[in-house]
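Let chain A serve as the given structure and place chain B on it in line with the hints.
2 protein chains.
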Amino acid sequence: MEQEHTRPADIERNSMNILTAEMEQRGLAVPEEYAPVVKRVIHATADFDYAENLVFTDHAVEMAVRYFQKPGSVILTDTNMARAGISRPALEKLQGQVDCFMALPEIAEKARAEGITRAAASVDYGTALYEDAAFAVGNAPTALLRLAEHIQNGYRPALVIGVPVGFVNVVEAKEQMLSLCRSLNIPAVLAMGRKGGSNVAAAVCNALLYTAAEMLDPADRGWN
Amino acid sequence: MEQEHTRPADIERNSMNILTAEMEQRGLAVPEEYAPVVKRVIHATADFDYAENLVFTDHAVEMAVRYFQKPGSVILTDTNMARAGISRPALEKLQGQVDCFMALPEIAEKARAEGITRAAASVDYGTALYEDAAFAVGNAPTALLRLAEHIQNGYRPALVIGVPVGFVNVVEAKEQMLSLCRSLNIPAVLAMGRKGGSNVAAAVCNALLYTAAEMLDPADRGWN
Numbered sequence: 001m002e003q004e005h006t007r008p009a010d011i012e013r014n015s016m017n018i019l020t021a022e023m024e025q026r027g028l029a030v031p032e033e034y035a036p037v038v039k040r041v042i043h044a045t046a047d048f049d050y051a052e053n054l055v056f057t058d059h060a061v062e063m064a065v066r067y068f069q070k071p072g073s074v075i076l077t078d079t080n081m082a083r084a085g086i087s088r089p090a091l092e093k094l095q096g097q098v099d100c101f102m103a104l105p106e107i108a109e110k111a112r113a114e115g116i117t118r119a120a121a122s123v124d125y126g127t128a129l130y131e132d133a134a135f136a137v138g139n140a141p142t143a144l145l146r147l148a149e150h151i152q153n154g155y156r157p158a159l160v161i162g163v164p165v166g167f168v169n170v171v172e173a174k175e176q177m178l179s180l181c182r183s184l185n186i187p188a189v190l191a192m193g194r195k196g197g198s199n200v201a202a203a204v205c206n207a208l209l210y211t212a213a214e215m216l217d218p219a220d221r222g223w224n
Numbered sequence: 225m226e227q228e229h230t231r232p233a234d235i236e237r238n239s240m241n242i243l244t245a246e247m248e249q250r251g252l253a254v255p256e257e258y259a260p261v262v263k264r265v266i267h268a269t270a271d272f273d274y275a276e277n278l279v280f281t282d283h284a285v286e287m288a289v290r291y292f293q294k295p296g297s298v299i300l301t302d303t304n305m306a307r308a309g310i311s312r313p314a315l316e317k318l319q320g321q322v323d324c325f326m327a328l329p330e331i332a333e334k335a336r337a338e339g340i341t342r343a344a345a346s347v348d349y350g351t352a353l354y355e356d357a358a359f360a361v362g363n364a365p366t367a368l369l370r371l372a373e374h375i376q377n378g379y380r381p382a383l384v385i386g387v388p389v390g391f392v393n394v395v396e397a398k399e400q401m402l403s404l405c406r407s408l409n410i411p412a413v414l415a416m417g418r419k420g421g422s423n424v425a426a427a428v429c430n431a432l433l434y435t436a437a438e439m440l441d442p443a444d445r446g447w448n
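Residue numbers (the numbering used here), protein chains in the order written: chain A, 1 to 224; chain B, 225 to 448.
In isolation and in its complexed conformation, chain A is listed as follows (with noise of 0.2 angstroms):
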């Protein structure tokens, strides 16, 4: 096998050099502004669909990428999985940090309490918790849809970043976070329709992180 096979900084810039090739052959311009997300999501799920799926409010990119730039940001993920796919050396330079309450058992006993899911209970947990921390959602829309009611409510998130998967209120939720976040200038990045997952929200978040960090460039991550 050839040495650029094996090196993973080489096969991650190979990719990403097929894939942006195959995105103008297939006629799928994205703005430059979210290339990098986009990119980085087609990387991780090989379907080109993310080029029309994933819509972005206003300056989102920019927004985010400013609130992960200041130490002290949180990512709070739906799953242990997302979270899991965080980069840990991005969030290191940046001083920032990723959680995950899914598994406390705190959240199991308020979810049965209250008939919510505990990816409901989760959301209420991380906005008492914190002012105004990142929301990476990829697998409940019932997660979005309590963010939702939180926002309503008054409470500004720093940053959504909706996609989650499914065939069950998954696209209805997705839209009105949408027009929520337009309505109020809340940076979004969403997968609309049913497509999504954890492996997505990981994705969007390191493309954000890596242009926060200024390590897009995959030999500066520091496993080459």
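Just the calculated beta-carbon pair ranges, DEER-fashion: (1) A:Asp99 x B:Glu330: 21 to 31 angstroms; (2) B:Glu246 x A:Ser179: 20 to 30 angstroms; (3) A:Glu24 x B:Asp282: 37 to 47 angstroms; (4) B:Arg336 x A:Gly72: 28 to 38 angstroms; (5) B:Leu440 x A:Pro71: 45 to 55 angstroms.
The set of hints was computed from the structure by calculation and includes no laboratory data.
Here a beta-carbon is modelled for each residue, glycine too, at the ideal position from N, C-alpha and C.
Relative to the frame of chain A, chain B by itself:
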């Protein structure tokens, strides 16, 4: 919101009904033996391509289920993300375990010293540690290629879940593994083509674990 939208077990049951109906509409017939795996992957991705991409070696599901029903089964993943996505309740019920070596300092060191990827170094580590683990590869084709080398040298994994995603070496690595597993009668589930991911690896594992643990109905998983 209706009650059925807030209870996770009901959401999952509804989702499975919707996607089953839609598979029929699309003419995507899947043999009954494979249906739980295929449906769980579509549930995790909302991507019906997997009804055609996923291939199984003969009796793969039956052999995998038998392996997981023996106490002491081991799943080794190539990402901590896939590890985080695999059902703890199912593993506990089956007395199985999951591990991922990617973040161990000795893996980074071995990879540097030998000029291989951490994913390949993890496969070396796993094959040395376990006589017959299940390998779940959702990210790195180099892990699959390395595992193929070990198989050619006589190693026999209990199961190969080969669903790496990407644009470089991914298609070839899966094709090589498929013919290898077919010729040696090693149970394997592979997502042919470029698509896959840690979420897909976790979904395949969970479908097999839930079948083995008789937890296919979501209410049996205790988080209803």
